[in-house]
Every structure is written in C-alpha cells, then in structure tokens.
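Just so you know, the protein sequences line up as chains A and B, in that order. Take the first sequence: its position 45, counted from the start at 1, is 45 in my numbering, and no numbers get skipped. Take the second sequence: its position 120, counted from the start at 1, is 120 in my numbering, and no numbers get skipped.
What the hints contain is simulated information worked out from the structure, not anything from laboratory work. Model, not experiment: these values are computed from the prediction. Hints are not guaranteed to be accurate.
As the list makes no split between identical chains, a pair holds if one copy fits it or if it spans any two.
What the hints assert, rightly or not - Heads up, simulated DMTMM-like pairs for lysine to aspartate or glutamate below, C-alpha to C-alpha not over 25 Å straight-line:
1) K126 <-> E140
2) K126 <-> E148
3) K160 <-> E75
4) K123 <-> D133
5) K153 <-> E75
Protein chains: 2
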Amino acid sequence: MYKQVEPSDYHVLHPRPVYLIVSRSREGRLNVMSASWVSPVSDEPFLVALSMWTGSLTYQYIKETGEFTINIPGEEHVDVVYKAGSLSGREVDKLSLLGLKTVNSARIGTPGLAGMLGFLECKVTKEVAVSDDTSLIIAEVLAIHVKEDAYSKFGWNIAKGGRVLMHLGGRGFTVPYRLILAEKSR
Amino acid sequence: MYKQVEPSDYHVLHPRPVYLIVSRSREGRLNVMSASWVSPVSDEPFLVALSMWTGSLTYQYIKETGEFTINIPGEEHVDVVYKAGSLSGREVDKLSLLGLKTVNSARIGTPGLAGMLGFLECKVTKEVAVSDDTSLIIAEVLAIHVKEDAYSKFGWNIAKGGRVLMHLGGRGFTVPYRLILAEKSR
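Using the sequences and the hints, build the whole thing.
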C-alpha cells in the first residue's frame, strides 16, 4: 500500500502556506522573497522559525537590521509569489518589478505589503545553523495585521475569502477548500 | 483595510498540514500526538524541525530513543487527529484507543501508521531550546513512504486523493482544493 520515495523528497511535507518575506538593508533598501519553510515554534511568546539559505539577499538584510515581515498572499498573488521565488534581489528591484506596494509597520522599521490577507512584524531573537548553508532564524512576532472580514477569532474564514495560498512544488500551488469540523472529544 | 489582532494570535499562520507523530520509549511503548508546528528546514540533507512542549510524553520518548515518525493523515482521519491532540498518552494508550495500526519502518525502530497518506522516518540530530518549556527538535529524514497513486514526482496529487489534512484551529480543519499553476517566469 505504501511505496518508498527518495528520502530527500521534501515535497511530502507540502502543500504548506507560502509567504512573501520583506526585509530591509541597513541603508533602507527593501527586498522580497517567497518562503514556505516557516512555522510557529512557541505560543508564549509567539515565536516563528524561518529556514534561510545563508547566501540569499534576504538573509543578508535580516542580519543587518534584525527585522522582517511575513506577508500572507491569497490565490490572486500566485504569479507574484512564484516570481518572487525565482528572481534574485541582487539583480532586480523585486518590489518594483512585481508592482508591490508597502504599508507601514506599527512596531518595526520594515514595512508590510499592501493587498495581502495580512502580515506579521517580526524581530529576530536567535539564529541556529542547521547545515553548511542554511540557518533557522527564530523571531518574535510583535504585531499582526489581517484583512477585515477574512479573519475571525477562529482564524482565517475560508468562506469569507481567507484562503491562504499554499505551495505544492515548482509552479504548483493550491488553496484550502472548506471548513471540516472534528467531532467533540468526550 | 488591515485590522490589528493580538500579536500572540498564531492562528494567522494556519491552516497548515497536521501530522501524527509516533514516538517510542526505551522500553518499546508507543505514543501518538498530533502536531502542525513542523517544517522542512534543509533539503540536503533533508532536515525537519518539530516544535515540542517539553512536558509532553512524546518529548520524553523522543529524548529516550532519538527517533520518531511523521505520519500524514487525510480528511478521513480528522477525528483521530483531533483526539490524538486532546488526550494524554500518560493516561491512555492512544494508539489502542484510536484504533491505529502500525507498519514497520525501514531504517528506525519506531513504526509508522497504517492507512495514512504516507510517513517519514526521522532521527534526531539536534535540539534547540526556544522558550522555557518549548524545544525545537531537528531531525534527519531517513526514509519516506507514500500511498501509491496519491503521490507523483511533483508531490501530492490533489486530484488523485493526495489531500493532506490541514489544521485551522480548535476543531477546525480543511483540505487543499485544486491545483493552481503559476505562469512561467520569463
């Protein structure tokens, strides 16, 4: 019933939410990249972990200012997300090329993106090397902004537009379908 | 257009895939818990990070044997997943109570679960404390088993039953809908 695939085939842990990470250099330049290897790791305080290739411009900017925003795209942003993951900020101004507008953050100097489902303001607390060229950036979430209506106290409202974009692999993406409620535990 | 919510509202990073983590004590007892704060963190080697409450029985078992499996449920397992996350293995034998059957692993002594979409065999390489009572367990994936047909070289095939269960919050879950292809980059 099961077959084995290569033990390096990380797509088995996809689809998973894909985010646009905005970072800022010491001089104030902005960059954006897409990332889905992001997870909450603690609830009090709310900490997130972000896996980063240490050769990336985003990694360099995050090291310079210790800040970034996690921006949450919906289905309409699928081409922007794919391009943000295929281009390098060393060669082009990705925000400008992709037509992305920023909105001010409340607690940090790095902005969020306009028109997303929401964004999180993050401040780095720790870095953990996990391989020769990969680090886990651990950061505290200082503020969260969400689109009116699409978010309730139970989280994203799928029926009201809260359909977080998910990455499968390559050019393949998906979105959540409908709410499924588990039976109450006795 | 955006409203602010509490900076501790981690549901903003959900829905995300939810897994059944099987662990084994030194004496060979098995436990299962549900977890969605899991992410790939490196591709060569394929490493995963798992956020764990250090008071949990799963954490204790993982510390004892340095092994666990990540099992990938589908929609039909929603009640099992919810219950595995609401009960403690210190009070009940959760595998037995939930009617879960195991299948042997190829590379480690801790089994996977039968009837899932697939499972990963993991061996701990590092632990990182992230708060007073929370650790990130970093582990290498040694083998991957997937359900025939539901998985292709592009990952889970949504149209052929590869619908990974996602957790929104509380009793709320969802599944991916359909494949969305981004435009090719020029």
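Legend entry - Hint numbers not upheld by this structure, sorted from lowest to highest: 2
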